[in-house]
Amino acid sequence: MPVQITQLSLFSTCASQILKLSKHNVIKRSVHVESFHKLQESSGFCFQDCASLLQRLVDVRDPKYGRSVHCLCMKTGLNSDVFVQNNMIKFYASHGDLKHAHLVFDEIPEPNLVSWTSMISCHVHDGGYEVGLRLFYLMCRSGLWPNEFGFSLALKACRIVNEFTTGLAIHGQVLKSGFESYSFCTSSILGLYVECGDVEDAYKFFNGIPPEERSEASWNTVIDSYVEMSNANETVKLFLQMMHHGISPNCFTYSIILKLCSNMLIPQLGRLIHSQAIKVGFENDVMVGGALVDVYAKLGFLDNARQLFWNLKDKDNVVWCALLSRFHQIGDAGQGLDFYSMFLSEGNKPDPFTFSIAFSLCSNLENASKGTQLHCSLVKYGFMIDSFLGSSLIHMYGNLEMISDAFRCFHEIRVKDEICFSAIISNLVLNSKDELSVEVFSKMRELGLQPSESTINCILRALADLNMLKQGKTFHCHVLKRLGDSDSKLSTENALIEMYAKCGAVYNAKMVFEGMQVRNEYSWTTIMASLSQVGQFEDVLRLFHDMLLCSQSAKPSEFTVVVVVQACAKLEVLSRGKEIHGFVIKIGFGSHPFVESSLIALYSTFKSEIHNAFSVFSLIKEQDLVSWSTMLTAWVQNGYYEEALKHFAEFRSSLNFSLDESIFSSCFSACAGLAATDMGKCFHAWAIKTGLRSHLHVSSSIIDMYSKCGSIYEAHQLFNETENHNLVTWTAMISGYAYNGLGRESVQLFGKMKEAGLKPDGITFIGVLIACSHAGLVTEGRNFFKSMRSDYDLEVTVNHYACMVDLLGRNERVEEAESLIENAPFHLQAKYLLWKTLLGACNTHGNIEIGNRIAQKMIELKPKEPSTYVLLSNIYASASMWDNSIEVRSKMKEENIFKQPGSSWIQLAT
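Number 414 in the UniProt record's numbering belongs to position 414 of the sequence shown; there are no gaps in the numbering.
Incorrect hints may have been included.
Distance windows between CB atoms, simulated [said to hold, decoys possible]: (1) Lys481 <-> Phe164: 48 to 58 Å; (2) Ile587 <-> Gly751: 16 to 26 Å; (3) Glu723 <-> Lys443: 39 to 49 Å; (4) Ser591 <-> Phe164: 49 to 59 Å; (5) Glu822 <-> Asp546: 17 to 27 Å; (6) Lys891 <-> Ser591: 13 to 23 Å.
Derived EDC-like pairs (lysine to aspartate or glutamate); straight-line CA-CA distance at most 20 Å [claimed, not checked]: (7) Lys481 <-> Glu418; (8) Lys857 <-> Glu816; (9) Lys315 <-> Asp303; (10) Lys893 <-> Asp883; (11) Lys864 <-> Glu609; (12) Lys370 <-> Glu401; (13) Lys502 <-> Glu521; (14) Lys836 <-> Glu816; (15) Lys786 <-> Glu815; (16) Lys349 <-> Asp314; (17) Lys443 <-> Asp417; (18) Lys864 <-> Glu887; (19) Lys831 <-> Asp791; (20) Lys864 <-> Glu894; (21) Lys862 <-> Glu887; (22) Lys836 <-> Glu865; (23) Lys416 <-> Glu446; (24) Lys473 <-> Asp434; (25) Lys893 <-> Glu865; (26) Lys237 <-> Glu216; (27) Lys349 <-> Asp316; (28) Lys315 <-> Glu366; (29) Lys370 <-> Asp332; (30) Lys607 <-> Glu865; (31) Lys586 <-> Glu558; (32) Lys681 <-> Glu721; (33) Lys759 <-> Glu745; (34) Lys759 <-> Glu780; (35) Lys759 <-> Asp791; (36) Lys313 <-> Asp332; (37) Lys752 <-> Glu723; (38) Lys689 <-> Asp660; (39) Lys380 <-> Glu412; (40) Lys443 <-> Glu418.
None of these hints come from the bench; they were simulated from the model. Cβ atoms here follow ideal geometry from the backbone N, Cα and C, with glycine treated the same way.
Take the sequences, apply the hints, and build the full model.
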């Protein structure tokens, strides 16, 4: 007996020495070996002692001591005992060594319930849920019936992997076994139903549990399910019931309720729970305190959040991140990064989530150097670039326009998933790397990864920017297969409309729109804008009417209004435009800058309404660059050149912004309209001083100004000085030659432009047709007119026909001009300009017959237009048909039709 006691004492002493040294991480190999040799020499070392030592070694960080015990057991033959083997499995599982745990398990001839449950537990807690479920099935097949812990682990695995059907079957086995009332099982069953979205059945099951048998965990699970559903009423109701049944809410319960307050921004409930937490002494608990910090931060009470934060004795990363996230949300990146520095100075180690917030703060601050430092810090801390961290880095570098660094981070991610692919694709599109984004998306598809809705939308935008209609249609088919009848595909349908619209396939865009079950404001605005781009303005107004009548959930935005007002301007429907203006004031968009500018443009379409345009402009509180540019353009387009320059001179001293190319262009156009060469030269000097002279749009305006002022030499010199000509500058010079009677020079320049590789547009052809008209180049004019469709596929407008009529009329081909008008594809109102041009030619060449016929058609269209009567009277007078001429003049008096008197002006030297 004394010998046995001595042996046991020796074992206890050696074991205690090992544990003591190992827990303080100071054990040396020599001491370790010596201690185990003493244990080995002790014959009192039995399987109970070995198992006890293994259990105590579970809490030791370094696993080598447990492995040494395992080796000792193998030498002494104790490793064949099931009790020891089970403890070995638990030891290896606690250290994440699944390989050795499996080796031990495989050596057990007949594993018992503890063996199986230990292995299942080790896999489930390590994230191997599928393996855990397979082991559960094998255990049941071996003839062993699970206990409450085994059932709980299996139910947890089903919940995580979303195996709802399997979970229901296991629930049935739990009922048969009588374990339903065990707290482990009830919590797992509730968690299964909640995770699989069947909250109603979860609540029924919960109500079926007798109140006295409901654990804190089961109450918390049900309460959390209603928090996830944002059901505040049921959450508070359950919280009160919990306390009514004598169950005191724990820290986790309070944190759940506070999460509801944070998510739904409910300040009253947050304060109530805060006061209750103070009463029960949970305010300074790290979980509850962190939740309170998050609530007050999200509610905007940053001072309260800070006070609570500093009152916490123990602050974990979650609490720090609550405030860091708030700085990110309110856009105070500078203070957020200072707070992050404070986090580091207190000896805290950032985790991946902390790094992700810090990366977001750097991108908000547009601080590239700080972002690079953080990236280096991430590497220094030894973090691998996984999908989560890699995606955060990609977003940071993408927002900082360092797309090559973002792409490098993407390549460093070893296991790429949908999240990191989505991050790199969205940032490639953000940085206009559309072709590369499509390539990356193709790689994503090759790997079998399914794109999210946001990724699909990014690719659609890339295809739209690349004008890849064919690929867009193919991708549309993929979208239909991917999303099907999903209720969450609204943003993708909007992206499809936008893609088709940008690619010019308006019919396809309309088909997508008409097939939508749900439409929001963006849907309506996008389809209206696409129709407006192709000139279907009547459809725009019709859709706007439908939007107001049929869609209660989608209210027009300021951008919708802009599109509709522009449609009214294009259709020249003043009454409808004024109705829209009234509607704009009613819904409160009257002071929006874009809306104000569109209203100015609307009224400027009608020369008689220019005063209304100025009224809208005058009511703008903060007149910016856009509003000034729009108003100046309105005056110039309607011939109010003096008004434009006068108001510009009055307000120039009060401007708090720099002039841009648009305002300069309007000023040059006004000078051209007034033939004010000296003033134009002043603006020219100003443009040089501001550095905008080199802007091609400004250069073309200056060329146009000098041309219209008759200073064709200055225009030609400026054209030659301009580098990198575009279509606008070429067109300005071609038109300048034409207006100054240099038709052949204009035609020659047109040829040089084509040799330079530029494709003429409709405006260029107007210039060259005018040149042919002034130079009498009939054959060349006909050829240019025909080539518009045949060679360049351009739309021939009424202005091009007017140029041809003028060309033929000037060269006494009046009959041919009349035939051209008759066959022109325009309605009668549009042909009025053509008849007027031809009537002038009849007056020049004294063609009474055709002139009389044309004048009658014009009077039918516009009976109050004085120019028709004046031209017809002049035709009669030129042919000495005085009676007819007097008769026309008399009719004008009878109808109260008066010709607007002309005026001229001179500029006096000062």
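Tell me if the straight-line CA distance from lysine 689 to aspartate 660 falls inside 20 Å. Distance of about 13 Å is within 20 Å: holds.
Are lysine 473 and aspartate 434 close enough, with their CA atoms no more than 20 Å apart? 17 Å, holds
For lysine 759 and aspartate 791, compute the direct alpha-carbon distance and say whether it is at most 20 Å. 10 Å, holds
Range first: 16 to 26 Å. Now tell me if the beta carbons of isoleucine 587 and glycine 751 are that far apart. For isoleucine 587 and glycine 751 the Cβ distance comes to about 54 Å; the hint is violated.
Would you check the hint for lysine 416 and glutamate 446, treating anything up to 20 Å between C-alpha atoms as holding? OK: lysine 416 and glutamate 446 at ~12 Å, within 20 Å.
Indicate whether the distance between the beta carbons of lysine 891 and serine 591 respects the range 13 to 23 Å. With a Cβ separation near 50 Å, lysine 891 and serine 591 fall outside 13 to 23 Å, so the hint is violated.
For the pair we were handed, lysine 502 and glutamate 521, check the Cα-Cα distance against 20 Å. 19 Å, holds
Does glutamate 418 lie within 20 Å of lysine 443 when you go C-alpha to C-alpha? 11 Å, holds
Satisfaction of hint between aspartate 314 and lysine 349, Cα-Cα up to 20 Å: 14 Å, holds
Does lysine 831 pair with aspartate 791 here, judged by a C-alpha cut-off of 20 Å? 25 Å, violated
Pair hint outcome, lysine 836 versus glutamate 816 [Cα-Cα no greater than 20 Å]: The hint holds at about 15 Å.
Against the range 48 to 58 Å, how does the distance between the Cβ atoms of lysine 481 and phenylalanine 164 compare: consistent or not? Violated - the Cβ-Cβ distance for lysine 481 and phenylalanine 164, about 25 Å, lies outside 48 to 58 Å.
The earlier numbered hints that this structure contradicts are 1, 2, 5, 6, 19, 28, 36.
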